[in-house]
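Chains as they are written, first to last, in my numbering: chain A, 113 to 532; chain B, 113 to 532.
FYI, nobody ran anything at the bench for these hints, they're computed from the structure. Some clues are possibly wrong.
Partner residues are not named here, just some residues of chain B that face chain A (Cβ under 10 Å, in silico) [claimed, not checked]:
#, residue
1, L171
2, G226
3, L281
4, I355
5, D357
6, R363
7, P402
8, E404
9, Y523
Anything over 12 Å on all C-beta distances counts as not near chain B; from chain A, calculated [to be verified]:
#, residue
10, D177
11, E211
12, T305
13, G529
14, R532
Nothing here was measured: the structure is a model prediction, and the numbers come from that model. Idealized CB from N, CA, C, for every residue including glycine.
Number of protein chains: 2
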Amino acid sequence: MTETGKTLLRARAAAPRLAALGTEDKNACLAAMARSLAGGADRILSANAEDVAAARGRLSASMIDRLTLDEKRIRGMADGILEVAALPDPVGLELESFERPNGLSISKVSVPLGVVGIIYESRPNVTSDAAALCFKSGNVCVLKPGSDALRSCAAITELLRGAAEPYGLADAVCVLTGAEGSRAAAAELMNATGLVDVLIPRGGAGLIKACVENSKVPCIQTGTGICHVYVDGRADFSMALDIIDNAKTQRPSVCNAEEVLLVSRDVAADFLPLLSARLRDARSAAGKTPVELILDTEAARIISGTPAGPGDFDTEFLDYKLAVGVVADVREAVSHIAAHSTRHSDCIVTDDPEAAEYFLNAVDSAAVYHNASTRFTDGGEFGLGCEIGISTQKLHARGPMGLRELTSYKYVVRGKGQTR
Amino acid sequence: MTETGKTLLRARAAAPRLAALGTEDKNACLAAMARSLAGGADRILSANAEDVAAARGRLSASMIDRLTLDEKRIRGMADGILEVAALPDPVGLELESFERPNGLSISKVSVPLGVVGIIYESRPNVTSDAAALCFKSGNVCVLKPGSDALRSCAAITELLRGAAEPYGLADAVCVLTGAEGSRAAAAELMNATGLVDVLIPRGGAGLIKACVENSKVPCIQTGTGICHVYVDGRADFSMALDIIDNAKTQRPSVCNAEEVLLVSRDVAADFLPLLSARLRDARSAAGKTPVELILDTEAARIISGTPAGPGDFDTEFLDYKLAVGVVADVREAVSHIAAHSTRHSDCIVTDDPEAAEYFLNAVDSAAVYHNASTRFTDGGEFGLGCEIGISTQKLHARGPMGLRELTSYKYVVRGKGQTR
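If we strip away everything but chain A, and leave its shape as in the complex, we get (with noise of 0.2 Å):
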């Protein structure tokens, strides 16, 4: 048998116990976790010095800027698993009762998921992020890092193990190490059907479409967001421009900025200026980087920008690129953003009721904005106090995906001998 595979049986074998762990001995655990991480810093920042010297020259500056640790980064992976355990338990609620007419008494009951997997890559603090949540939520997890964080990765959990090891749950958090190679571990962790009762990957459009295509455990689709913000013929135009400017440059990297503008054809000739104004010349003159605007005909005839290519408007840019096209009314933007978008997040600036309500339902999107930015499609923004991902699929769940997300539930059935 393969490490991982001696992993992930241990990893079941773990889940039965945390399941039947209480809510104030998983609180003390996570506590001590959060203790043993700030204990353990020099280690992990020793661990995560070998990582970035074997990625320097390899990786991006940006990539080695996500792989790096520091003492502070180091509290704030703490303090995350310290804010997890001052959530509530999502696990043992009763969701819903009832009692049948032949006198059932039928209780749904919520539970944990049972073995989660995570997917990730070069953020280290996933490890500790994705542990917290998913122990808090009664969840054995099986991490699977990136080969280039695999050192951090390794001394995180290993100081995360030691803390639940005297509540017998060390296997609680385990990590593939990938002793027989980083592919074939995620190989087996995708083919582990039995072991694992959902895997979660956290990075890119590739790692995402290669689980979901190549898992056979179920896989929640989460990140890809190509976002839109459709702007109306009653929309208040400052209103929008502050949208989009927030939805486009406060953070281009993330799957909720926003990747493509819609103008309908009633203002475009008067908007779009005003826009090429506020992303281009404003943010030129404030020293800030400009965005480059991606025409369509229709808007490469009213401002000067860049000319869409094919595939512009089915692009996760996640940089100060934003693609804009001009549209009849509120019903063409619908039918783009159903050809278009990655149903994650899209948004209408309008003061026409009727225009929003319409686009409201029409669009199949986890979320859809009347009038705000598409930014706030997020764990914290929404109020579940954090978050594992935000799903973009339609099963299970839907958007960000706080604690509650990471539970199933079962239905308890009390009879006095009740026969069909």
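Add chain B to chain A, keeping to what the hints say.
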């Protein structure tokens, strides 16, 4: 493009139109579908006669019985559609709503899944059942019947589509006739990510395994049930016998029937002779099929029966067969179930509240029972009014899936220009 590919595109295109249809129109259309089926009974019967003739000699008698329709069964199908029409509309419900400190108003609203693929076998009535459940929940269905039932299903869907035509929604009910071959059509359906939102296989263990392992479209694992009854040391013997008899013999061919009996060592010597008398002697005397008892070593020392072979405690017999084992106590029963159950439905019979609570908590199945037959795991019996299947996985839905389990949700966010 294949015929299947064209059908899938039509299905996708119909999804937003069906999602926008109001409750009254949906119900009126369902009533028209029921009338259309009843009025077209002759066409269905003649298509069905061809299917049955082609199946003779090739399929078993019980398979041919499942395949065969008569006036009464067609009336039952039409009535089933009307029952679904009478259920509450599961979409458009505000599941939650809250306001954030920044003034954003967020509602979580139930929405259809979109396009639901159903792969099934030779029961033609699944065609109208699944179509009605999907339609009521605002989902376009893409039906892939087994090749044995193809003519019957084509006749049924033609009548359903005809009834939906006046609403511009004939494509709300699509059927894959498999012009390019039944397997090729199924494979194309399983690969149709982006066009199909979820796949629900309905049928035997082989079909379900093939879907779960091969589908790139998210798939809900349904059905297979290796259900256990555990007779505790403090069980009421008479209640235990009633429950076991019901769970095993009332309808042995279904997934919520009992396949394994575990008996506490404390009472095995007293209880097993009563079991043998009830399930074998009394049934034989009444002219009913006796239940074959397949015994582990310890049970075989107490009563006569077939010695259990390897795999007998991991088999869904769907027949008058029951694997019987002796365990030390409720803890060993729970461990046995963890190792052998398909996580469908498992029961403890006991008068000891502590043992009952331990079992209900520790057994990780969709439905866990205290003192009632496992046969109650059913959408109708749980009060859902209907069911599209019984999920044995933990993502999305668990246990009986009714209309509500055919929905997802989206977050509707209303603002006044908020940015982050």
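Here is what the structure says about each hint:
For B:L171, the interface hint is violated, since its Cβ never comes within 10 Å of a Cβ in chain A; the closest pair sits about 29 Å apart. At its closest, the beta carbon of B:G226 sits 6 Å from a beta carbon of chain A; the interface hint therefore holds under the 10 Å criterion. At about 16 Å, the closest approach between the beta carbon of B:L281 and any beta carbon in chain A exceeds 10 Å, and the interface hint on this residue is violated. Residue-level restraint check for B:I355 holds (minimum Cβ-Cβ distance to chain A is 6 Å; threshold 10 Å).
Annotation: B:D357 was flagged as interfacial toward chain A, and the flag holds, the nearest CB pair being 8 Å apart, inside 10 Å. Contact between B:R363 and chain A, as hinted, is supported at the beta carbon level, the nearest pair being about 8 Å apart and thus within 10 Å. The interface hint given for B:P402 is broken, as the beta carbon of that residue sits about 19 Å from the closest beta carbon of chain A, more than 10 Å. Residue-level restraint check for B:E404 is violated (minimum Cβ-Cβ distance to chain A is 21 Å; threshold 10 Å).
The criterion of a C-beta within 10 Å of any C-beta in chain A is met by B:Y523, whose closest approach is roughly 4 Å, and the hint holds. With 12 Å as the threshold on Cβ separation, the claim that A:D177 sits away from chain B holds: the shortest Cβ distance comes to roughly 22 Å. The claim that A:E211 is not at the interface with chain B is violated, since a C-beta of that chain comes within 12 Å of its own (minimum 10 Å). Not every C-beta of chain B lies more than 12 Å from that of A:T305, the closest at about 7 Å, which undercuts listing it as non-interface.
Taking the minimum C-beta to C-beta distance to chain B, about 4 Å, the non-interface status of A:G529 is violated against the 12 Å cut. With a closest Cβ-Cβ approach of about 4 Å to chain B, A:R532 is found to fall inside the 12 Å limit, against its non-interface label.
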